[in-house]
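**Q** So the chains spell out like this:
There are 2 protein chains.
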Amino acid sequence: MESMMIYMPILMALLGLIYMGIKRSWVMKQHAGDGKMKEISDYIYEGALAFLSAEYKLLAVFVVIVSVLLAIVSFIVPTTHMLIVVAFVFGAIFSAFAGNIGMKIATKTNVRTTQAARTSLPNALKISFGGGTVMGLGVAGLAVLGLTIFFIIFFQFFMGGIWTSTMDMTIVLETLAGFSLGAESIALFARVGGGIYTKAADVGADLVGKVEAGIPEDDPRNPATIADNVGDNVGDVAGMGADLFGSYVATVLAAMVLGNYVIKDMGGSITDAFGGIGPILLPMAIAGAGIIISIIGTMLVKIKSNDAKEAQVMGALNIGNWTSIVLVAISCFALVTWMLPETMKMEFFGEGLLEISSMRVFYATLVGLVVGAVISSVTEYYTGLGKSPILKIVQQSSTGAGTNIIAGLATGMISTFPSVLLFAGAIWASYAFAGFYGVALAASAMMATTAMQLAIDAFGPISDNAGGIAEMSEQEPIVRERTDILDSVGNTTAATGKGFAIASAALTSLALFAAYVTFTGIDGINIFKAPVLAMLFVGGMVPVVFSALAMNAVGKAAMEMVQEVRRQFKEIPGIMEGTGKPEYDKCVAISTQASLKEMMLPGLLTIGFPLVIAFVPMLFGMNKLAIAEMLGGYMAGVTVSGVLWAIFQNNAGGAWDNAKKSFEAGVEINGEMTYKGSEAHKAAVTGDTVGDPFKDTSGPSMNILIKLTCLIGLVIAPILGGHVEEGVAMLNDQQKVSIEMNVENVDLAEAIVTYSTTVNGESVVEQVVYTGKKAEVEAQLTAFENATNVKKGTATEITIEKVEINKQ
Amino acid sequence: MESMMIYMPILMALLGLIYMGIKRSWVMKQHAGDGKMKEISDYIYEGALAFLSAEYKLLAVFVVIVSVLLAIVSFIVPTTHMLIVVAFVFGAIFSAFAGNIGMKIATKTNVRTTQAARTSLPNALKISFGGGTVMGLGVAGLAVLGLTIFFIIFFQFFMGGIWTSTMDMTIVLETLAGFSLGAESIALFARVGGGIYTKAADVGADLVGKVEAGIPEDDPRNPATIADNVGDNVGDVAGMGADLFGSYVATVLAAMVLGNYVIKDMGGSITDAFGGIGPILLPMAIAGAGIIISIIGTMLVKIKSNDAKEAQVMGALNIGNWTSIVLVAISCFALVTWMLPETMKMEFFGEGLLEISSMRVFYATLVGLVVGAVISSVTEYYTGLGKSPILKIVQQSSTGAGTNIIAGLATGMISTFPSVLLFAGAIWASYAFAGFYGVALAASAMMATTAMQLAIDAFGPISDNAGGIAEMSEQEPIVRERTDILDSVGNTTAATGKGFAIASAALTSLALFAAYVTFTGIDGINIFKAPVLAMLFVGGMVPVVFSALAMNAVGKAAMEMVQEVRRQFKEIPGIMEGTGKPEYDKCVAISTQASLKEMMLPGLLTIGFPLVIAFVPMLFGMNKLAIAEMLGGYMAGVTVSGVLWAIFQNNAGGAWDNAKKSFEAGVEINGEMTYKGSEAHKAAVTGDTVGDPFKDTSGPSMNILIKLTCLIGLVIAPILGGHVEEGVAMLNDQQKVSIEMNVENVDLAEAIVTYSTTVNGESVVEQVVYTGKKAEVEAQLTAFENATNVKKGTATEITIEKVEINKQ
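As you go down the protein sequences, you meet chains X and R in turn. For the first sequence, my numbering gives the first residue as 242, with consecutive numbering after it. For the second sequence, my numbering gives the first residue as 242, with consecutive numbering after it.
These are computed hints drawn from the structure, not numbers from a lab. Keep in mind that the hints are not guaranteed to be accurate.
The list treats identical chains as one, so a pair stands whether inside a single copy or across any two.
Unchecked claim - Derived BS3-like pairs (lysine-lysine); straight-line CA-CA distance at most 25 angstroms:
1. Lys-797 to Lys-633
2. Lys-628 to Lys-797
3. Lys-838 to Lys-633
4. Lys-298 to Lys-838
5. Lys-827 to Lys-902
6. Lys-917 to Lys-633
7. Lys-277 to Lys-451
8. Lys-797 to Lys-451
9. Lys-550 to Lys-917
10. Lys-917 to Lys-865
11. Lys-923 to Lys-797
12. Lys-277 to Lys-633
13. Lys-543 to Lys-270
Quick caveat: nothing in here was measured; it's all calculated off a predicted structure.
Assemble the whole structure, with the sequences as input and the hints as a guide.
**A** Set out below in structure tokens:
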């Protein structure tokens, strides 16, 4: 049983995908409506396919370029294997395929939900949530399946399927990082491109349709209305799915990397029933268990009464969600107890190698689950209807748009307080429990419920679309009322889902960051070094500029849409009377092209900066370890600033949105009931206009920015750091290493390292001289020692011959 | 000559203050107008005095509380001397006095400028710029005078006026840090409180006066109009003055601290003509020279033609400014050549002790001057009338307030790109030239022109007030036209001045940060340690929350003002007809009270967080060096995030302001000329409402936040770090230190340090045991060695008896 554990996640993933298939065919069997309903739904479906196929074309070019780059790197760098290209391509394909499944089911479920809402609310929920479930299980199933299969392949290929050494496993995991990079690249296109798409279509449709032509929202005469509805799916379904797919894979990968170093800390090998790789398998096992748990969770989401309100629907979702979280906690306990040695040795900074109980790893997973749950509550507090921050924004709307904007900005800014304290506490606690392995497992536990979270997330835009279809096909009011109940709950889950996504991105980035430092073999990232501090500043700036570029991109894309809609209104005869047919596809094409074009610059910023920081100083002959530290400073800057700007933008945007929505039911301002159409409402609409790109474009893009930055760092890591020497050293079992160290005084030290190695079959004696401050030389020596330490069964003696400290 | 060099800065400061006195009496001798002009001016003067006296009362309480806290600390911590309290109190008094001079002269100069503008533009410039000169020289003169006097006193008191050791000088400079802390505390009240005051009065006056009662701006019937005019002086004159006073003092202090460590790197003492403290005196000498240079610069600012336009006025200011910068560069060259040894030894991270030419220190000062000049151009580009970012915001105003807001936000955000790259480049370059001493001297050189910068800055609000008085006293149009020319130039210099202030705050904070790390004796700040990383996150969050609190404070204070103005309009008979007299003083009082009350929470956040981070973990027995590193991470987080948010908010605010102003002369939107009163203009006004607290309250407050955070860290430094042992060790000349180090394997090490010391006259043998990871133990040992190294003439031998590394 134990020895087959490596296949368990595959089994779970397949079970998840099978259940997905069953659920999918159940949804597809439901009545898809008729007449106008079906027609509109078909337009949305085709629009979504049009976006996907345009995106795939661009993606294909991107994947080919990056593959060539990776192939070149793998030729130059001995530790980087060609297989990383294969992993990268498949990571991209798996993520794209998951997105494809999600988009298709979402655009098929919407009209079925509308149809069901004609007779029954419970049924409408069942169908819309069913669509969400298909999406969630598709993403989680494919993520776990892909990652596990490639791990097993590389484990076989590089190590013959049995544990040899940390060094060999490092190569396995470095190659596996290609899969994660592929997945996150897709997320860049889906989340950033999708974010631009959805808001460009939305703003474009509103500006000409509502404002200039004076026709209502979702009116079929508006040529951009289909693009607008497609946008909901592109942004909220495909974007969110790709984002979480990326987080899921990256988190598990980072935890595996750190698990490998736990084995190293424990002496280079451990004896357990899992082939000696229990700590590496554990995160995959948790991910696998999470799929089954999510299936159970989704089964619990149901309501009975046709007269149910928002509270009952929300309650049903909560039951499913909380059950999943509790079950993940229980399974973490079981898996940790089963798979990890009872006590483990782990290196803690400043405290050295400590012996800890494996229970502490379990506590770390609890930290992750708590963060996931609490961050959702924090988000809901700051953006929820009827909560005090929203009421304040509503009050401030009475004195105009200016004060509404200030109040919204301030709300988003203040919301960083509890969120950041929560993250900081989580980093501290999970590290205190089980080092950076604990941080990565906290993230893994939180991500285990991804399928459930996505089901809850995706059900929102499906219901939103269902409402749109009801409106456009002129159903009876009761239909719209029922879809509105689902949509309203969907708005809340959209906000909390964004909280979950940013929490997952933050923890994932931290885990990747830790994996990066461990990979490069540097002793840490010292921001007292001026170049590192400079890069911390630069890293802090990138999310701010990225956000601005994303916001401007929405503006530009929306303007193109405006021109097209105006043209159609002018040139197509009878369009306003409903006799002429708008060219929906042209608007879809414009949104698609503009969004993919406009995401180039922010995308280039994301990918370009780490490459420039890594390779330009190398051209000037800078020390590689110093570069590794600079890049680490950059990564930290991007992560800290990116998390802050994500929370700020998401919550400000969410708050403005709900402040505006508050006017629909009416709000009391200075003792008077105020409704839609009032001056205060107009001010709130202005706030929402600002908030739209905040919450749907630039805010969520931060997740991708910080994860992709840290992943690029991880992929570059073998090129930097002491890793290169390590790679060369590994080739030769017979090498000798001798280190002479002569410390002339407390400040100056010199160490001469001589070793022989085999390059292309010839034995070469190499020498490395480290000079500088004593502590620095020590650190470089330690890095070198660590590198030589991990090679296959070679006893190495390192003698520091003379250590003298002369004081004045 | 050389041995008297220590008194040179005092001489220069006194010369500056004498020139200030002459200029002041010249300004006061000018015709102060008559009738209504004089009456309004008197109201503004009295309002300003009312704010100052209320502020002083609160300040007195604050100073007493902090003094008591500092006294307690100095009783507990052996290295902190009671004199720090004296330094703190005088730092506060000097800064407050400088602010007082500035406020008084500004509120006396305004009406004289109006009067002069009745006949001559050149004269009006001469008077308004004369007022600015008084302000600038008052701030710079008192800053240099106070700092130098206290340095000489402490140098005499602790060292008898001759060089003994780095350790003793450290105590001198640690005590001197009290002066800087006092100065920066005043800046907190003046900049944050002042920022809230000015916008609360502005918004309050506009909301009821312009919007509700429909009377024009600066109308004497509006009870808040005097408070509004007082606010310009409180925010732009006193606030900016206190901000730069604090930067000036802190920069010079940090450079002195790092100069002390240069001497340490050179072997503990150097022989030069300046009593062996040339590197410590250099920053003071540059500051002193800067005062004389600024006087020369101000003398060059004049125009001849009565028909001059903005360009001529700007040109005159530029001539003065650029001359100052070039002269500072020349004097830096002369002083560096004269005062520093030809070659110096400096410790560079990773490269050890390097021998560098003193010319490299000069190059570092050039870096500072370039940053000061370039950041002003960057700021002007992003906020200047007629420049492309402003034109884009104007275009975006045509589609409503929402798009105007997005464009403004995006402009502010993108402006962080060149600014941060500039800062990052400056950190890198000045460090590469001359280590952190180079970074501090870059800041010192930039700050040398402070008097000139402040003269340029303060002339703006004076001209603004002059215009207001012209309006209120119904002068002929030509008077307003002339003051408008000055005011318009003043708006540009206000924006560039803010750029200079943030650049100075950023470089000052970096210098303080470097001084902090050196003081605590930690080896660096490693953000790979989880608690340090957690604090980096927390530090990054604080500026965001601080900004939100400051913005909300403006809103609350403005609402109080609105209530009062409404009350007066209702209760005072004949007020609208001009027969009843508004109670101006009540509005001034409300603005004063509200602003001082509302700054409490952000102030508490600024001061409280570093104290909590330092002392709470201490209660739980956490290692002090680990705490020092955490606090360092916090400081870095605050600085990076604070600089970003300062640039973002200042530039977004400035851009919105000028986008709105563009409509006054008319702008071309989609081929049509558009003016004030259009829908697009209304949208731009909304943007300006949002921008007001950005650029005048929360943005500039960031400067204080980051500097004060780093200063508090510096003052706490002796309590943390290896410094405490150092202090105890210093008491005993006969102590012996022996260190046993036993490295059991590469990961685990133990070091036992035994030394004897004298506590209260008794000899006590103490033992410190360091265990943990080898590199960590090494670092702790190094810190300990450094500490014992610097005590008076004691030969110490440290022998690491056994170093063994067992590899598996």
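**Q** Are the hints correct? Go through all of them and say.
**A** Here is how each hint holds up against the structure:
1. Only between protomers do Lys-797 and Lys-633 lie at most 25 angstroms apart by alpha-carbon distance; the minimum there is 12 angstroms, versus 32 angstroms within a single protomer.
2. In the homo-oligomer, the alpha carbons of Lys-628 and Lys-797 lie at most 25 angstroms apart only across protomers (20 angstroms), although the nearest pairing inside one protomer, at 34 angstroms, exceeds that limit.
3. Proximity of Lys-838 and Lys-633 under a CA criterion of 25 angstroms is satisfied inter-copy only: 21 angstroms between copies versus 39 angstroms inside one chain copy.
4. Taking CA atoms no more than 25 angstroms apart as the test, Lys-298 paired with Lys-838 passes inside one copy only; the shortest distance there is 13 angstroms, against 60 angstroms between copies.
5. For the homomeric pair Lys-827 and Lys-902, neither the shortest alpha-carbon distance inside one copy (31 angstroms) nor that between copies (40 angstroms) is at most 25 angstroms.
6. In this assembly of identical chains, Lys-917 and Lys-633 lie within 25 angstroms of each other by CA distance solely inside one copy; the values are 17 angstroms within and 31 angstroms between copies.
7. In this assembly of identical chains, Lys-277 and Lys-451 lie within 25 angstroms of each other by CA distance solely inside one copy; the values are 22 angstroms within and 53 angstroms between copies.
8. Taking the shortest alpha-carbon separations for Lys-797 and Lys-451, only the intra-copy value of 19 angstroms comes in at or below 25 angstroms, while the best inter-copy value is 36 angstroms.
9. Proximity of Lys-550 and Lys-917 under a CA criterion of 25 angstroms is satisfied intra-copy only: 23 angstroms inside one chain copy versus 50 angstroms between copies.
10. For the homomeric pair Lys-917 and Lys-865, neither the shortest alpha-carbon distance inside one copy (61 angstroms) nor that between copies (59 angstroms) is at most 25 angstroms.
11. In this assembly of identical chains, the alpha carbons of Lys-923 and Lys-797 lie at most 25 angstroms apart whether taken from the same copy (24 angstroms) or from different copies (22 angstroms).
12. Proximity of Lys-277 to Lys-633 under the C-alpha cut-off of 25 angstroms is found in neither arrangement, the shortest distances being 42 angstroms within a copy and 42 angstroms between copies.
13. Taking the closest pair of Cα atoms, Lys-543 and Lys-270 come within 25 angstroms of each other only inside a single copy of the chain (19 angstroms); across copies the shortest separation is 85 angstroms, beyond that limit.
Checked against the numbered hints given earlier, the structure breaks hints 5, 10, 12 and satisfies all the rest.
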